[in-house]
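2 protein chains.
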Amino acid sequence: MSEGEFDIIDRYFKRLNGLESGVVIGIGDDCAILDIPAGHQLAVTTDTLVSGVHFFEDVDPYRLGYKALAVNLSDLAAMGATAKWASLAITLPDVNEPWLAEFCRGFFELADKYQVQLVGGDTTKGPLSITVSAKGIVPTGQALTRSHAQVDDVICVSGYLGDGALGLAAKLSDTKIVADQQPFIDALELTEPRLTLGQQLIDHASSCIDLSDGLSQDLMHILKKSDRHAQLHLEHLPLSEAILTEIDSGHLSLSEAWQYAVTGGDDYELLFTISKHKLASLRMRLSEQGLSLNCFEIGVILDPNNSPLTGERLGFTHLQQPVTLKKTGWDHFK
Amino acid sequence: MSEGEFDIIDRYFKRLNGLESGVVIGIGDDCAILDIPAGHQLAVTTDTLVSGVHFFEDVDPYRLGYKALAVNLSDLAAMGATAKWASLAITLPDVNEPWLAEFCRGFFELADKYQVQLVGGDTTKGPLSITVSAKGIVPTGQALTRSHAQVDDVICVSGYLGDGALGLAAKLSDTKIVADQQPFIDALELTEPRLTLGQQLIDHASSCIDLSDGLSQDLMHILKKSDRHAQLHLEHLPLSEAILTEIDSGHLSLSEAWQYAVTGGDDYELLFTISKHKLASLRMRLSEQGLSLNCFEIGVILDPNNSPLTGERLGFTHLQQPVTLKKTGWDHFK
Chain A
1 MSEGEFDIID RYFKRLNGLE SGVVIGIGDD CAILDIPAGH QLAVTTDTLV SGVHFFEDVD
61 PYRLGYKALA VNLSDLAAMG ATAKWASLAI TLPDVNEPWL AEFCRGFFEL ADKYQVQLVG
121 GDTTKGPLSI TVSAKGIVPT GQALTRSHAQ VDDVICVSGY LGDGALGLAA KLSDTKIVAD
181 QQPFIDALEL TEPRLTLGQQ LIDHASSCID LSDGLSQDLM HILKKSDRHA QLHLEHLPLS
241 EAILTEIDSG HLSLSEAWQY AVTGGDDYEL LFTISKHKLA SLRMRLSEQG LSLNCFEIGV
301 ILDPNNSPLT GERLGFTHLQ QPVTLKKTGW DHFK
Chain B
1 MSEGEFDIID RYFKRLNGLE SGVVIGIGDD CAILDIPAGH QLAVTTDTLV SGVHFFEDVD
61 PYRLGYKALA VNLSDLAAMG ATAKWASLAI TLPDVNEPWL AEFCRGFFEL ADKYQVQLVG
121 GDTTKGPLSI TVSAKGIVPT GQALTRSHAQ VDDVICVSGY LGDGALGLAA KLSDTKIVAD
181 QQPFIDALEL TEPRLTLGQQ LIDHASSCID LSDGLSQDLM HILKKSDRHA QLHLEHLPLS
241 EAILTEIDSG HLSLSEAWQY AVTGGDDYEL LFTISKHKLA SLRMRLSEQG LSLNCFEIGV
301 ILDPNNSPLT GERLGFTHLQ QPVTLKKTGW DHFK
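Taken in sequence, the protein lines are chains A and B.
Start counting the first sequence at 1; every next residue gets the next number (the UniProt record's numbering).
Start counting the second sequence at 1; every next residue gets the next number (the UniProt record's numbering).
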């Protein structure tokens, strides 16, 4: 290997940070020093992607760089935060410059889109693994949490469900489970963090989470934290053109599509609860601002003391009839 | 494996965070939400430890948990920051509960000592690796950096040099290089982050860095950033009782000891530059506060336009005579 750690950091990761972004000291000292504007709190999240667990060893490095940041920005979006800064800890088996260049292109393309500054990190040698810690700011006291879902709130989701999980299933399966797997792999690898919507949800949504482990499992976090029950209406689950095409052509049944949508994971959409009244005001505000952002209504929050569900927090209906679905989401250690 | 990811997180990593620590929302939501007190900036650092690279696979998990946090707190100390919060991204090959319990005991023992709250992280499956991101606060505009070393400043170090490197060498070597390797292995694995001294250096030191890659290499960062030269006086390098004992018993020569002290790495002491006047005032302040903290004077900052060094920034002397020493530090990719 011809290059040292510091050369790599200099060449690929060090870029000029604007002072206007709150970066007082960026890469190149022991710590980054950051300014938090008055009236704001800091939002912090960390996610690790491990080769062979979260991505395939032959993954396109552009897409890996993109996704390593995207999953963290998705967490910031779920709190209603404005993304500001990121640290990147990358462990590499060796120095492969074309690979690194592509990784950085993916990472910085997304970072630039949302004005996120890379402010530090660590470059180490070992099995390929990426840990990003993203930081954002949120108006003091207004962060969206998982804990305040209210009875009769509408449950909404910011985009199509199940595509990412189908992409993963297609990559893992020896047999052909869809006619055209590319749109699903794209959904898996090029998720869009819903930062703009998240910021609009402040003052409107009663709770919010991002969908990483699957609709059912992630909704359960809201239900437990808020002590609520919920019912999801399968006929309202938003399915993409790509899924509908696979259903039409007979490669996928509707109930298989629902199963992917409910338990699949890797959607990285926002799941939020909101009163009917606030949802109307949100839709008006989005329309006034010319923001064409999706808010699909997929269910309702129920009072646990006055709930039709017996013995469980979460139920499903299809055209108002109860339906049973598997609810398990992704768990690294199971 | 009998336990899921969320159970592990709940059992080992989730502890009650006091609101007084600025933790508005801790572990258990999409992000942590943190309050930065008025008049302060955020200091952020990230360090990764990889099995087989930064530690031996059979490492004592207590010491690993301790050190994963210690190296990050050392970076905060180098900026003069007060440590406040940490995120822990841990990748585990499997769930070994006694191992995890010991890891957490080491991590939290150090965290508690400096009132550091664990506010988030990620638990993933894969080759053992730990990424900690530590956060602290520093009075606005007063963070210590690498860039303001002044001509005639004294170069100081906060503790003994070379012990950690000797510990590593002893573990790596097939032959016996010291009579008693335990104190050196302890120095390697149980470094003390110099947070208290770092905070005292604000308003006093002109530049500061923590020694992770070796005195020579880390001092070079200050010299490059500050555009200065420097001379280190070998007879003033602080050597521990353990090293002096090895020298006395003939296991180690003095020049070998100097070589470890200058290029060894893993000291995690603070290296700082300070005017003679401010050093006197610092010593008085430490004494008034009853703080017995080491400030060993080991060299001097020189004007590059009026320097006895030819062709290099850093020179060494022994009893005022120039000496040649190897200067290379640790580099993961070389």
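Since the hints were derived computationally from the structure, they do not count as laboratory data.
Please note that the accuracy of each hint is not assured.
Derived lysine to any residue pairs resembling SDA-like cross-links, with alpha carbons at most 25 Å apart [said to hold, decoys possible]:
| # | chain 1 | residue 1 | chain 2 | residue 2 |
| --- | --- | --- | --- | --- |
| 1 | A | 14 | B | 224 |
| 2 | A | 278 | A | 199 |
| 3 | A | 225 | B | 11 |
| 4 | A | 224 | B | 224 |
Predicted model only: the values in this text are computed from it and were never measured.
Consistency of the hints with the structure:
{"no.": "1", "hint": "14/A <-> 224/B", "verdict": "holds, 16 Å"}
{"no.": "2", "hint": "278/A <-> 199/A", "verdict": "holds, 15 Å"}
{"no.": "3", "hint": "225/A <-> 11/B", "verdict": "holds, 17 Å"}
{"no.": "4", "hint": "224/A <-> 224/B", "verdict": "violated, 54 Å"}
Checked against the numbered hints above, the structure violates only hint 4.
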